[in-house]
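Student: Residue numbers (my numbering), protein chains in the order written: chain Y, 1 to 358; chain S, 1 to 358.
These are computed hints drawn from the structure, not numbers from a lab. Where hints are given, some of them may not hold.
One copy or two, either will do: identical chains are not told apart, so a pair holds if it fits within one copy or between any two.
Unchecked claim - Derived pair list, reagent style DSSO-like, types lysine-lysine, alpha-carbon separation capped at 27 Å:
1) K63 to K125
2) K179 to K92
3) K144 to K351
4) K309 to K157
5) K312 to K249
6) K309 to K92
7) K137 to K351
8) K125 to K92
9) K137 to K222
10) K111 to K222
11) K309 to K279
12) K222 to K309
13) K358 to K170
14) K291 to K26
15) K26 to K358
16) K270 to K157
2 protein chains.
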Amino acid sequence: MRSIRRVCTLAVAMILLSSAAFAAPKYRYVDATSLTVINKAQNDGLPLNRIDVEQFDIPKSAKGGLSNTTGLAIVFSTDSRSIRVKWSTTAKRLGSNMTPIFHSGLDLYIKEDGKWMFAGVARPKTVGQEHEYVAVKSMAVGEKECMLYLPMFNCVKSLQIGIDAGATIKAIPTPFKHKILFVGSSLTHGASAARPGLCYVARMGRMLNAETPNIGLSGKCKLDDFFANIVCATEADAYFFDTFSNSTKQMIEERLYNFVKRIVAAHPDKPMIFLQTVKRDSGRFDLGARKRNDDQRAAAEVLMKQICKEFKNVYFINPGFYIGEDGEGTIDGSHLNDLGVERMLNHTMPKITKILKK
Amino acid sequence: MRSIRRVCTLAVAMILLSSAAFAAPKYRYVDATSLTVINKAQNDGLPLNRIDVEQFDIPKSAKGGLSNTTGLAIVFSTDSRSIRVKWSTTAKRLGSNMTPIFHSGLDLYIKEDGKWMFAGVARPKTVGQEHEYVAVKSMAVGEKECMLYLPMFNCVKSLQIGIDAGATIKAIPTPFKHKILFVGSSLTHGASAARPGLCYVARMGRMLNAETPNIGLSGKCKLDDFFANIVCATEADAYFFDTFSNSTKQMIEERLYNFVKRIVAAHPDKPMIFLQTVKRDSGRFDLGARKRNDDQRAAAEVLMKQICKEFKNVYFINPGFYIGEDGEGTIDGSHLNDLGVERMLNHTMPKITKILKK
């Protein structure tokens with residue numbers, strides 16, 4: 001009995017050893033920057049930064065946020081049946097009005113019958129900066145065109161895409177026909193969609209067949225020179241502005257006209273679409289918040305009326321960030337949730353497509 | 001010059017000292033449990049637990065989650081112009097598909113023209129368990145009826161509501177006419193609304209004028225006995241069931257009939273409304289996920305057809321968690337975002353009101 005047991009143990013050990021020696025890795029990873037990065041404002045050679053923050057006289061307080069991967073996406077095609085992501089981020093703290101998937105995670109879309117459809121998310125760890133996740137698995141055989149949106153409120157230090165060992169992955173040309181630049185506040189930065197692909201800029205990009213560089217910055221965009229600098233230096237087919245969300249009445253009165261004049265001079269033939277800011281739900285009971293919001297909205301309305309008369313390619317969509325009247329369209333009284341984004345798109349898209357058709 | 005400066009310094013010091021001595025506190029806090037707690041399933045004397053987990057043969061793995069304040073709300077009236085919250089939670093980790101406001105924060109609604117309207121959130125710290133926030137300030141003078149939803153995925157150890165020093169705050173009777181019990185999975189637990197007041201259970205409660213005890217539990221509700229025990233022991237006007245989201249085909253086939261038989265025997269005259277589970281967006285490309293989801297949905301469909309024939313007060317709403325066809329209604333392929341919840345309500349509410357009118 002003993003010798004039989006010994007022989008069996010030996011046999012099992014040999015099988016385990018030999019399978020370990022011959023076991024091929026099941027997956028292989030490629031550096032995402034070897035694929036195609038879309039939604040960049042500039043060709044600046046920085047694939048994982050939305051903008052080169054050492055340009056454009058960007059103040060120190062804005063450099064961190066403008067280094068986020070906000071709006072960027074990787075496009076590629078693969079016949080892999082699973083898609084994995086390994087990435088590392090910085091220690092930037094989560095906002096209380098954001099999901100970690102939105103803040104530091106990734107969001108995969110795959111083309112189906114000519115339409116970009118949600119395929120899966122890559123969930124970040126909620127503690128630590130090294131992340132790994134299977135975005136999708138068990139897919140049907142065949143080549144797939146993929147678009148992977150990057151984190152909205154964090155910087156990405158490295159990013160690798162994993163495929164099945166026997167599969168191929170390759171860069172593809174941008175799948176989008178147009179390019180539209182968005183500058184703005186936290187609303188444009190994406191707060192607070194549930195995941196990167198659901199922010200209004202990303203959804204508009206898919207709807208309008210356009211790359212959509214996202215220069216939305218939380219707490220900022222007060223008609224500052226550095227935002228105008230970025231706009232002037234960026235070639236696009238159209239430009240969207242969410243410049244009234246953080247601007248006071250006084251800022252709008254003092255800065256708006258010159259801001260518009262500068263950007264129109266740089267791109268005289270391109271549509272410049274200004275979105276009225278959200279009528280904040282925080283102002284329903286908070287009379288102070290209501291007054292500040294009413295004042296900024298009124299100032300924008302008055303001045304944009306004059307500006308649109310003077311500059312033929314400048315448009316004002318009012319309401320711009322329309323969230324409905326029932327109070328259920330924000331996460332915190334100011335920032336659109338996914339329902340708010342849907343309502344905003346339902347309201348503005350007919351107007352936008354009409355402008356862009358001209 | 002020196003003596004003048006000395007006199008001035010002395011005068012300033014005296015003013016500061018005297019104002020400190022006479023400064024009355026600007027706010028005062030009351031223990032929230034001295035007010036009215038609504039949406040409790042049972043009168044068990046545990047104001048900050050949705051259920052007494054030492055009853056109902058609840059397994060150890062479910063006790064933590066069922067101790068969360070999920071669904072509970074504090075109702076009160078006050079003439080304070082600001083409302084503050086101080087609360088402490090446990091160290092429960094945030095899910096990557098949740099906002100901290102949803103997980104550990106509070107959500108304030110105030111009645112306006114007979115309707116509950118969003119007023120403000122109390123944001124938790126994203127590090128630590130001791131929180132303090134001004135939910136709303138600068139309100140108009142006058143008495144207000146308030147409802148403060150508690151954290152969805154955490155336990156609350158203490159909770160104090162702060163008002164202006166000269167103001168009053170008092171408990172009010174429940175503002176709701178009916179009581180509807182919800183049992184279910186993470187979908188019912190609220191994943192992943194942006195804030196507590198936006199989960200489908202809370203929204204249905206406001207729509208149906210009903211208290212809505214929430215016994216949704218992430219990862220659970222597989223037609224287990226302990227869920228049936230809770231249902232049997234809870235008196236309500238109607239009962240909702242999200243029992244197919246985590247149940248396999250086999251579980252549904254083996255357990256559903258007896259589950260229904262038990263709860264109908266306990267409440268023979270009350271409507272029992274079963275919601276078909278979500279057709280998961282994760283199954284669009286992941287064929288394994290699609291198969292499991294199709295199987296559970298098919299099993300529920302077949303059995304519920306027979307069951308609805310046999311038990312006259314049992315209903316099956318199919319689709320139940322309807323999220324649309326565009327893939328934008330979830331945060332992660334499985335859990336409804338705020339857009340998904342809106343679509344679900346638009347789809348199911350006409351059916352539900354028809355059933356409840358009978």
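Student: When Cα atoms must be at most 27 Å apart, do K291 and K26 count as within-copy, between-copy, both, or neither?
Tutor: Intra 60 Å, inter 24 Å, cutoff 27 Å: inter-copy only.
Student: Please sort K222 with K309 into within, between, both or neither, judging by C-alpha distance up to 27 Å.
Tutor: Only inside one copy: K222 and K309 sit 23 Å apart there, 63 Å across copies, limit 27 Å.
Student: Could you figure out if K137 and K222 sit no more than 27 Å apart (CA to CA) within one copy, between two copies, both or neither?
Tutor: between (44 Å within a copy, 25 Å between copies)
Student: How would you label the pair K358, K170 (within, between, both, or neither) given a Cα cut-off of 27 Å?
Tutor: Neither way: K358 and K170 sit 36 Å apart in one copy and 60 Å across, limit 27 Å.
Student: Taking 27 Å as the upper bound on the Cα-Cα distance, should K125 and K92 be classified as within, between, both, or neither?
Tutor: Classified as both: same-chain Cα gap 13 Å, cross-chain 14 Å, threshold 27 Å.
Student: First find the shortest C-alpha distance between K26 and K358 inside one copy, then the shortest across copies, and answer within, between, both or neither for a cut-off of 27 Å.
Tutor: Answer is neither: 52 Å inside a copy and 58 Å across each miss the 27 Å cutoff.
Student: When no copy is named, should K179 and K92 be tagged within, between, both, or neither for a Cα gap of at most 27 Å?
Tutor: neither (29 Å within a copy, 43 Å between copies)
Student: Regarding K111 and K222, is the shortest C-alpha distance of 27 Å or less found within a copy, between copies, in both, or in neither?
Tutor: Neither. Shortest intra-copy (37 Å) and inter-copy (35 Å) distances fail the 27 Å Cα cut-off.
Student: Check K309 against K157 for me: Cα-Cα at most 27 Å, and say if that holds within a copy, between copies, both or neither.
Tutor: neither (46 Å within a copy, 59 Å between copies)
Student: Pop the pair K144 and K351 into one bin, within, between, both or neither, using alpha-carbon distances up to 27 Å.
Tutor: Neither way: K144 and K351 sit 33 Å apart in one copy and 40 Å across, limit 27 Å.
Student: Measure nothing new, just compare the shortest in-copy and cross-copy C-alpha distances for K63 and K125 to 27 Å and report within, between, both or neither.
Tutor: Both. Shortest intra-copy (25 Å) and inter-copy (25 Å) distances satisfy the 27 Å Cα cut-off.
Student: Between the shortest in-copy and the shortest cross-copy C-alpha distance, which are at most 27 Å for K312 and K249: within, between, both, or neither?
Tutor: within (24 Å within a copy, 62 Å between copies)
Hint compliance for this structure: hints 2, 3, 4, 6, 7, 10, 13, 15, 16 are broken, all remaining hints hold.
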